[in-house]
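K.L.:
Here's the letter readout for the chains.
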Amino acid sequence: MNNINLLKHTDDINALLARYGVKFGIYKNNEFKEQLFPFDAIPRIIEHDEFKYLEKGLKQRVVALNLFLKDIYSEKKIVKDGVVPEDFIFASSGYLVECDGVCPVKGIYSHISGIDLVKGKDGEWYILEDNLRVPSGASYPMIARELCRRSSPGTFNRARIEDNRNYARLLRRTMDNVNVGGHTVILTPGRYNAAYFEHSYLAEQTGAHLANGSELIVENDKLYFITADGKHERVGAVYRRISDEYLDPMTFNPESVIGIPHIYDVFRKGNVALINAPGNGIADDKGIYYFVPKMIKYYLGEDAVLNNAPTYLPFYEEDMKYVLDNFDSLVLKDVAEAGGYGVVFGSSMTKEQKENFLALLKAEPRRFIAQEVIDFQDLDILEGTEMVPRKADLRAFVLMADEPLVWRSGLTRFSRNPDSFIVNSSQGGGFKDTWVLSQ
Amino acid sequence: MKKLHFDYCMEIRYSADVSWCCYTIKCIPKGTDRQKISNMQIDMIPETKAEWATDSHGNRYIYGSNEIPHSYFKYHIKGDAECGIVPYESVSTGNEEMIYRHSHGLTVPGDKLKGYYEKLKEVMPSFDAMSPLEKAKYIMEKLHEDFVYEKGCTGVDTGAEEAFSLGKGVCQDYAHIMISLLILSGCPARYVTGLIIGEGESHAWVEVADSGKWYGFDPTNNIPVQDCHIKIGCGRDATECQINRGIMHGGGEQVQDIYVNVAEVSPGQSIISRGALF
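Taken in order, these protein sequences are the chains called A and B. Under my numbering, the letters of the first sequence match residues 1 to 439, in that order. Under my numbering, the letters of the second sequence match residues 1 to 278, in that order.
A few chain A residues that don't get close to chain B, going by computed Cβ distances all over 12 Å: (1) Q205; (2) E355; (3) L360; (4) Q439.
Short derived list, chain A residues pointing at chain B, Cβ under 8 Å: (5) E98; (6) V218; (7) H262; (8) R268.
Hint data in this document are derived by calculation from the structure and do not stem from the laboratory. Each residue gets a CB set at the ideal place from its N, CA and C atoms; glycine is no exception.
Could you build all of it, start to finish, from the sequences and the hints given here?
P.N.:
Here it is in structure tokens:
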């Protein structure tokens, strides 16, 4: 495919992204810094048939994860039937007892799922992790595509690429599907949030109100938006970009000043939809990841289409033995951490670090998972005028309205450091557009 | 069985006007197979429209907000309770036990509690063969011997491990420690808030599940829960069944008073009877 003209515009596109405020905020050493999210104009291209396969696997996975969440917060059959041990549910910080017995509108828990995948050198795709709480990132390829089309319209004239600018329409449909009557609101913690650009962009693109906690109020068991002239107008759905913990100081963290008092009481009664539902953390826990293929089998009676990375649970004696025997070839992850934190490679530890880690592992085996290091394919990025290979992953977005829908694009993130396997944007990586071929 | 009349009243005086407040009040005893509640009345000053709800532990509560400036807030709940109809409360959904089989928040044990638990097991060779009820009774008695009741040395967010290390505390601490030990021994256990005859404040105790039924144990008084305890609510620890919670804007300095009274409607025999369960 002829991308040469597009590549010439890399700097223009990055300048435009900066101008539109496509930034990523991070806190480092207690200081808030906004940094640009560097864009690389060489797209990741996924063939039509290959994406069809991914779609099938992603839909299956997200359907099963939704069924799992519904089950865990109601009948808990999967635990009673011994498929997932109790310890991985009720001793996990992701399980919120406040959600037990509460059914979200239409039984949908994860309306927007961000599933991270990598393609191995063996040509196979592997699931790295599921993000079912408030996964961010869709706005970056959306706006990048828009700017690429503007900079280099010729590139897109003849190319058979799925148009990814439909994300806003899909998202709107997903939100409307559960709206119980009234406005749709995107709830943001405000401009100091890492993903504030995304909140405002998605609001603009979907036509939803962008609001912060102080603009929403609970009265008479319902949620209202306070308009500029002081009127209270009913809200039927909230795409909240605030974590569960800060959502409602009357139910969760009492210190929260960015939440809405009593919004959870309104949700409990089914008088507002929360997107995604609270409590989803129990399904995207790194410990639960191990069980996703088993839950696909359990709920759907199917084998998982997409592979997990080979994963071991030191919780099981047999797996612990494997982990100890093969320590240097494994990557170890703390189940409680996210964003690339709490990830260590057995091979890169000093003797002392290793001893300390093993002591911790033996004391708290449930806290860790171990995975084979997947040698994933590099993607070329442009550094100056030179093409250099870098590690990259793909965050695919699956939206759940009445049916699951996979967005035919995704956020491809790459590591800028040639030696790093960690591609998280909070650790300084960049991104690419993801082109899915339409035939 | 006893027929009790209960009053629970909480008032706050503010030095300046509160311009807005919201509240959740969970001080509402619920009728179960163990206790029957009647003639219940809830009064609030200032009067506001409150909504009824039930949380995940089955606790009933009211919640609401008020944007009329006020410098005084009060709620008063009163009613009658027939307690000890049966000595247990039935598990209602069949899921409940699972949730309460894992320590959480303030009941998570540390090394000291784990050590104490091992010691308890050592001196009681038949421990592992005991039923949850027997374990609860044994743990309660031991804890009552080894822990000292003393006000003012622990706070509302003191955990079981910390209180146990201090060696002293109040009913909340007794309950947290006992739950922690019961869960270590594999028994589902939960924290209960309630009222008891002869106390001028709310009380806390423990419920343990045995064969589909929850039995109450009051480690502070070293007695099984019978007919002088009115249960208000339960949770995995104290924070999950806080009697009230609120947020206000303004208000300045505040002084809070709580008045609690539980009296027998038709005086019977002994107020606290021991050991009828065993």
